[in-house]
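In order, the protein sequences belong to chains A and B.
Position 197 of the first sequence, counting from 1, maps to 203 under our numbering, and the rest follow consecutively.
Position 82 of the second sequence, counting from 1, maps to 88 under our numbering, and the rest follow consecutively.
Careful: at least some of the hints might be erroneous.
A pair counts as met if it fits within one copy or between any two copies, since identical chains are not told apart.
Stated by the list, open to error - Each computed BS3-like pair below joins lysine-lysine, with the alpha-carbon atoms no more than 27 Å apart:
(1) LYS183 x LYS195
(2) LYS183 x LYS147
(3) LYS147 x LYS99
(4) LYS202 x LYS235
(5) LYS99 x LYS235
(6) LYS85 x LYS198
(7) LYS206 x LYS195
(8) LYS56 x LYS202
(9) LYS53 x LYS224
(10) LYS148 x LYS201
(11) LYS148 x LYS198
(12) LYS83 x LYS151
(13) LYS202 x LYS91
(14) LYS100 x LYS147
Note that these hints are calculated values from the structure, not bench results.
Protein chains: 2
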Amino acid sequence: IDLVILSTPMSEYPKFFSSLNKNLNHNSIITDVGSTKKNLISLKKKKLSKNLDWVMSHPISGSEVSGPKYGNTNLFKNKWCIIIKDKNVLKQKKVERFWKSLGSKIIIMNPDDHDKIFSVTSHLPHLIAYNLIKTAQDFQKKKNKNLIKFSAGGLRDFSRIAASNEIMWRDIFFENKTNMIEAINLFMKNLKDFKKNISKKENSNIIKKLINSKVVRKQIISQKQDISKPDFGRE
Amino acid sequence: IDLVILSTPMSEYPKFFSSLNKNLNHNSIITDVGSTKKNLISLKKKKLSKNLDWVMSHPISGSEVSGPKYGNTNLFKNKWCIIIKDKNVLKQKKVERFWKSLGSKIIIMNPDDHDKIFSVTSHLPHLIAYNLIKTAQDFQKKKNKNLIKFSAGGLRDFSRIAASNEIMWRDIFFENKTNMIEAINLFMKNLKDFKKNISKKENSNIIKKLINSKVVRKQIISQKQDISKPDFGRE
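Next up, chain A with everything else stripped away, as it sits in the complex (with noise of 0.2 Å):
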């Protein structure tokens, strides 16, 4: 066996080891495309075999959907697919080249920068999504208000990343613990001060913080991380 690439829910991982101990040997590669990685780091010392290679990836491709009938043959196309550095630089130089291979552009990172960088593009953006459609729903109960009807006007845009899978999100959640309780800290700290200028009608402070955040807007498109249309395009 060449290359083996797990790509389950990160808390099946363990459940494999004994068969990959057994079937692999020193030629073989192992990779994966888990969202978090101090934890898989962890989980190499403590489970794989020390003549084995396991080195690191995360494609940061996918969306909502999950399961075989969603498979998209450009998934991976200019997507930027992260690779933990690895003491085998040979090993390391295969699965780089594997990624290319499907159109990736790679980027080298050490597993703790990983899970800081994504903890905020990510982690916490599905986090406050998932929150968010909670919140309606709590709403609808108590109000007894239908806002599915009228979720256009920004609700709908945080219900489809509240539809990812659960197990997936769970382990990433769970894994990537301390820094999302550093990122929620953070978050709710700047949500208090926003509830304090809308409460206040604190006018220069939330005109500033508001123009302030369209710059990311631009930057994004700029670095073509997401499409230039309105609305992404939707009709």
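Using the hints provided, position chain B relative to the given structure of chain A.
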């Protein structure tokens, strides 16, 4: 003059009344596209001549961009337009016909229900998006990491909403203050619970919430409030 449509940020409305009172008569109709309504009812009572009619409307359409260069002939097509129940039934019907002629679907509401519903389906999502982008910016500054580059995993969706017009949204947040504060409080309570779930790895609690959230996406799509394609059909 048959019809005047107030379509500026709401904080500009007070400027128009001396001119409206002077130039319109009892045959004219005023309407608007403002995103909150209880405040406009007060404004009408205070500023508008008693012989003039202002039937309020709120088309649920638009995007993160503004200005004439983003004009779109299908802007209102198959979108909801909320009309506030008016004592002048004849003029209310005329305003309904106007929006229908642009392709809108009409719903009649009272100002209180309107402001409560949109505080959750639109105003809170916008505030949360602004807050998430601010949090990412703060993190980026603090940790000196490039987040924009890796925004495709979730953050980019929030950046679109957080690129909306700052004057328009400042006005909405301020004018719907009471409902906003209530919505923020409910959101913060839920986020604290999520933080506890993560911190204590409360498995069954978190899985239950993540599963429950998925339903909303399906409802939104079945009510044709969003496109069904994964990732909004982005390539």
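Could you check the structure against the hints above and give me the numbers of any it violates, in ascending order? Violated hints (numbers, rising): 3, 4, 5, 6, 8, 9, 13 and 14; every other hint is consistent with the structure.
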